[in-house]
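**Q** One letter stands for each residue in the lines below.
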Amino acid sequence: MGSITLKQVRKAFGEVEVIPGVDLDINDGEFVVFVGPSGCGKSTLLRLIAGLEDVSSGTILIDGQDMTEAAPVKRKLAMVFQSYALYPHMSVRKNIAFPLKMAGMPADEQARRVGHAAGILNLTDYLDRKPGQLSGGQRQRVAIGRAIVREPVAFLFDEPLSNLDAALRVNMRVEISELHKKLATTMIYVTHDQVEAMTMADKIVVLRAGRVEQVGSPLDLYRRPANRFVAGFIGSPNMNFLEGEAAAKLNAHAIGVRPEHFQLSTTDGMLAGTVGVAEHLGSDTFLHVTLDGGTHVVARASGEFPVDHGDRIWLTPAEGRIYRFDQQGLAL
Amino acid sequence: MARRVSNRRRWFFTILAWGVALAIFFPILWTILTSFKSEADAIASPPKFLFFDWTTENYAEVQERSPYLRHFLNSVIISVGSTLLGLLIAIPSAWSMAFQPGKRTKDLLMWMLSTKMMPAAGVLIPMYLLFRSWGLLDTRLGITVVLMLINLPIIIWMLYTYFREIPSEILEAARMDGASLKNEIVHVLTPMAVPGIASTLLLNVILAWNEAFWTLNLTTSKAAPLTTFIASYSSPEGLFYAKLSAASTMAIAPILILGWFSQKQLVRGLTFGAVK
Amino acid sequence: MATKHQKTLARFMVAPSVLLLLGWMIVPLAITLWFSFQSYNLLSPGMERFIGLTNYKYFLSDPAFWQAMANTLMIVGGVLAITVIGGVVLALLLDQPIRGQGIVRILMIAPFFIMPTVSALVWKNMFMNPVNGLFAWLAKAVGAQPIDFLAQYPLMSIILIVAWQWLPFATLILLTALQSLDSEQMEAAEMDGAGAWAKFTHLVLPHLSRAITVVILIETIFLLSVFAEILVTTNGGPGYASTNLTYLVYSQALLQYDVGGASAGGIVAVILANIVAIFLMRMIGKTLE
Ligand SMILES: Nc1ncnc2c1ncn2[C@@H]1O[C@H](COP(=O)(O)OP(=O)(O)OP(=O)(O)O)[C@@H](O)[C@H]1O
Ligand SMILES: [Mg+2]
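Protein chains in written order, with numbering that gives the first Met the number 0: chain A, 0 to 331; chain B, 0 to 275; chain C, 0 to 288.
These aren't lab readings, by the way, just hints derived from the structure by calculation. A quick note: this is a predicted structure, and the numbers were derived from the prediction, not measured. Backbone N, C-alpha and C define an ideal beta-carbon position, used for all residues, glycine too. Don't take every hint at face value.
Pair ranges (Cβ atoms, derived) [to be verified]:
no. : chain 1 : residue 1 : chain 2 : residue 2 : range
1   : A       : 280       : B       : 197       : 55 to 61 Å
2   : C       : 208       : A       : 310       : 56 to 62 Å
3   : B       : 197       : C       : 193       : 37 to 43 Å
4   : C       : 254       : B       : 132       : 57 to 63 Å
5   : B       : 28        : C       : 277       : 26 to 32 Å
6   : C       : 98        : B       : 75        : 35 to 41 Å
Could you build the full structure based on these sequences and the hints that come with them?
**A** So, in C-alpha cells, the structure goes:
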C-alpha cells in the first residue's frame with residue numbers, strides 16, 4: 000500500500016516556474032531515487048508530494064486517492080530531512096514517540112512501537128539522550144525512527160546522508176537499503192550522489208530544470224540513456240562526448256563513450272592522443288587524455304596501466320558501447 | 000619584559016574601569032546608604048559615607064505613610080500581567096511572520112515598531128477621557144492593557160528575531176508528524192524558543208515596571224504602581240532624604256536584582272538580533 | 000514557503016496584534032484630531048464647538064511650542080550624543096583585559112533598571128540640590144559657589160539624568176557587538192601594519208555600525224517621550240526652559256484643562272515623530288536586512 004501517482008504536477012513560486020509539469024508513477028514498495036543537478040527541483044517535488052507545499056496545478060494520487068489538497072498528516076507519508084529536524088528539547092524516546100502522541104495513541108502502544116523501532120535502528124541505549132548528545136549517524140537513525148513508528152505508506156528522504164562523513168555515509172546507505180528490504184514500504188529518496196542512486200534505487204528519476212528526463216532502473220539508464228544529459232549524468236567518471244568527424248563517421252551529431260569502455264593501447268587504436276594526468280589507484284587507472292583533435296577525454300583501465308604524463312596513447316571504443324546522439328541531444 | 004608591560008596595562012585598565020563603573024553606580028549606592036541614615040545624617044555636611052548610625056526606621060515610616068506593599072503588588076501585577084498578555088498575543092503573530100513570511104512582513108514589522116514612536120502625548124487626552132468614561136481610570140486592568148499595547152511591538156519584534164533562528168524544517172517535521180498548529184506552537188516552537196521567550200519576558204517586565212508616562216497619568220492610588228508611589232515624594236512635604244531613599248530603594252530593588260540576574264539575555268534581546 | 004492553508008492560518012494569527020495596534024493608533028488619534036478642531040475646556044463642559052484651525056494657530060504661534068520643540072530635539076540629540084560616544088568609549092574600555100569584569104558590568108548596567116521617577120528624584124534632591132546636594136558640598140569643598148542646577152541649567156540637568164539612565168544600555172550593546180569582532184581580522188590588520196587609530200576607524204567602527212543603529216533607534220523611541228524626569232524635577236520650568244512636547248501637551252491638557260489646544264499639540268507631536276520615524280525606519284530597514 001504505497002503507490003504514488005503525479006499527473007501534470009506543476010509548481011511556480013510567484014513568477015518562477017520551478018516544475019513545469021511532471022507525470023510520474025511510483026509503485027507500491029518501490030525504492031525510487033530522484034537525481035539531478037542542484038536546483039533542479041528535487042526537494043520541491045518531494046515537498047509537493049509531502050504536502051508541505053501546494054501544487055500550482057495537477058493532481059497527486061496516493062493509493063489511488065486524490066491527495067492534492069490534503070494536509071501532510073492525511074497523506075500518511077513520513078519524511079526524513081537533510082538536517083534531521085529532530086526536536087532538540089525532547090529525548091530520543093520523545094522524538095520518536097511524537098507522531099504517535101500527536102495521533103493520540105495510547106501510551107503503552109507508543110512505548111511498544113518506540114521500543115520496536117529503537118531495536119531495529121540500534122538506538123535502545125540512547126533513548127533517554129537528547130539529540131544534541133548524539134553523533135550524526137545516530138541522529139540520522141532517530142530521524143528514521145521517527146518516520147518508521149508511524150508505519151507510513153511511504154517514506155520521503157531529502158538528501159539524508161549529505162551531512163555525514165564519507166565512511167558513515169556508506170554504512171547508512173546500506174542500512175537504509177536493508178530497512179527497505181525489511182519493511183518493503185515505498186521510499187522516495189532525493190540525492191545528488193549518483194553512487195547512492197545507482198546502488199539503492201529500484202527506479203531512478205533523472206530531473207533537469209523541473210522536468211523528468213528519464214525514468215528507469217539504474218542499469219537501464221546506464222545502458223540506454225535517453226539523451227545526452229542522462230548519459231552524462233549517470234556513470235562515473237562522466238561519459239566522454241566526441242563531435243565532428245568521429246561522430247559523423249557514425250551518422251551522429253555526437254557520440255559518447257564511457258571511460259570504462261575504451262580499450263587502451265600504447266601502440267595503435269582508433270583515436271590517438273597524449274596522456275595529461277595519470278591517476279594510478281592500483282585497482283584502476285584513470286587517464287586524462289588530450290586527443291589529437293584537441294578533445295579531452297577520460298579513460299579507465301582496470302588494474303595498473305603503466306603510462307605517464309606526456310606518453311602517447313591510443314583509445315578504441317568497445318564494440319557496441321558507443322552512444323550516438325542527434326542535434327537535439329536525443330539518443331539515436 | 001613583554002609580560003610586565005601587559006600586566007601594567009591590565010592594572011591600568013582595571014583601575015580605570017572600576018573607577019568609571021563605581022562613578023556610574025554611585026547614585027544608586029548613595030541612595031541605598033542614605034536609606035539607612037537618620038534624616039539629620041542624610042543631609043550632614045560633610046556627607047557621611049559609612050560611619051553613621053545605621054537605622055531601618057525609614058523603611059517602617061515609608062510603609063506607614065503609604066502602603067508600599069500594595070504599590071509593589073500593583074507593579075508586579077501590572078508589569079507581569081501586561082507582559083504575559085502581550086506574549087499570548089505576540090507568539091502567534093511572531094510565528095506567522097517568522098515562518099510564513101510574505102512580501103510585506105518586513106513592512107509590517109516596521110510599521111509595528113513605528114507605533115512605538117507615536118508620542119504618548121498624541122493620544123493622552125482621548126485615552127484619559129475614554130478611561131474616565133469607561134471607569135478604567137486608576138484600575139489595574141486599564142493600565143495593564145495600555146502597557147501591553149505599548150510594549151506589544153517590542154515583544155513581537157524580539158520574538159520574531161528569536162523564532163527566525165529556529166530552522167523551519169523542524170516545524171515542517173512536526174507538521175508531517177501530524178501536529179496541529181496549536182501543537183506545533185505548544186510542543187515544538189515554544190519549548191525551543193524558551194530562552195528567547197524568557198528574555199523577552201524579562202525585558203518587558205522591566206520596561207513595564209519602569210514605565211512612567213501612562214502609569215503617572217492613568218493611576219492615582221488604588222492601582223498605582225511604584226512609579227506613581229515614588230512620584231508622590233516629589234512634592235516638598237515629602238522631602239526627607241532618608242525616607243525618599245528608603246522608598247526609592249524599595250522601588251528599584253526587585254527589578255535591579257531581576258535585571259542583574261538576566262543582563263546577558265536582556266542585552267541580546269534588546270539588539271533585536273542585530274548583534275550576536 | 001508553504002501551503003495556502005498555512006498562509007491563511009498565518010493571516011489569522013497576525014490579525015489580533017495588527018488589529019490591536021491599529022486600534023491603539025487610530026482610535027485615539029482620530030479622537031485627538033477631532034478635539035484639535037474644537038474649543039474644548041474641561042473647566043467649561045458643554046461649551047464645545049468647532050473652531051477650525053484656531054487651536055493650531057494658537058499652539059504654533061505660542062513661543063512655548065517652539066521652545067518645547069527645540070527642547071525635545073535637544074534632549075534626543077544630547078542624550079544620543081553622550082550615550083553613543085560615551086558608550087563606544089566605555090565599551091572599548093570594558094573590552095580590555097580587566098579584573099572583575101563581571102562585577103564591573105553589573106555595576107554599569109544598573110542605572111538602566113532604575114525607574115525614571117526614582118532616578119529623577121535622587122538626582123534632583125541628593126545631587127543637584129543647591130543646599131543639601133552632594134554637588135553643592137563638592138563645590139563648597141573646593142571653595143566655589145554651589146550651582147542650582149535645575150534652576151540655572153534645567154535642560155542640561157535633565158539631559159544629564161536621562162543620559163545616565165541610557166549610557167549603560169548603549170555601553171552593553173556596543174560591548175556585545177565589540178566582542179563579536181573577529182580577532183583574526185584584527186590580527187590580520189596588525190600584520191598589515193595598521194595602527195590603533197586605523198584599526199578603530201577601519202575595522203571597529205564599521206563593525207559597530209549595526210549596533211549603533213540599534214542603539215539610536217531604541218533610544219530615540221524612548222527619548223522622544225521623556226516625561227517623568229521633567230515632571231519630577233522641574234515641572235518644565237523655569238518658564239518653559241525644560242518643557243518638551245510631551246510635557247507641554249500634558250500640561251495643557253491635565254493642568255490647564257485645555258483639551259482642544261493640547262490635542263492640536265498632540266497632533267503636531269505625532270507629525271514630528273513620524274518624520275523622525277520615517278527617517279529612522281529607513282536607516283534601520285537597511286542595516287537590519
Ligand atoms: N520557497 C521558494 N521560493 C522561491 N523559489 C524557490 C523556493 N524553494 C525553491 N525555490 C527554487 O526552486 C528551484 C528548485 O529548488 P529545490 O530546492 O527543489 O532544488 P534541489 O533540486 O533540491 O537542489 P539541491 O540539490 O541544491 O537541494 C531552485 O531554483 C530554488 O531557487
Ligand atoms: Mg534540495
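**Q** Hint by hint, note whether the structure agrees.
**A** Status of each hint after checking the structure:
no.: 1; hint: A:280 - B:197: 55 to 61 Å; verdict: holds (56 Å)
no.: 2; hint: C:208 - A:310: 56 to 62 Å; verdict: holds (60 Å)
no.: 3; hint: B:197 - C:193: 37 to 43 Å; verdict: holds (41 Å)
no.: 4; hint: C:254 - B:132: 57 to 63 Å; verdict: violated (21 Å)
no.: 5; hint: B:28 - C:277: 26 to 32 Å; verdict: violated (42 Å)
no.: 6; hint: C:98 - B:75: 35 to 41 Å; verdict: holds (37 Å)
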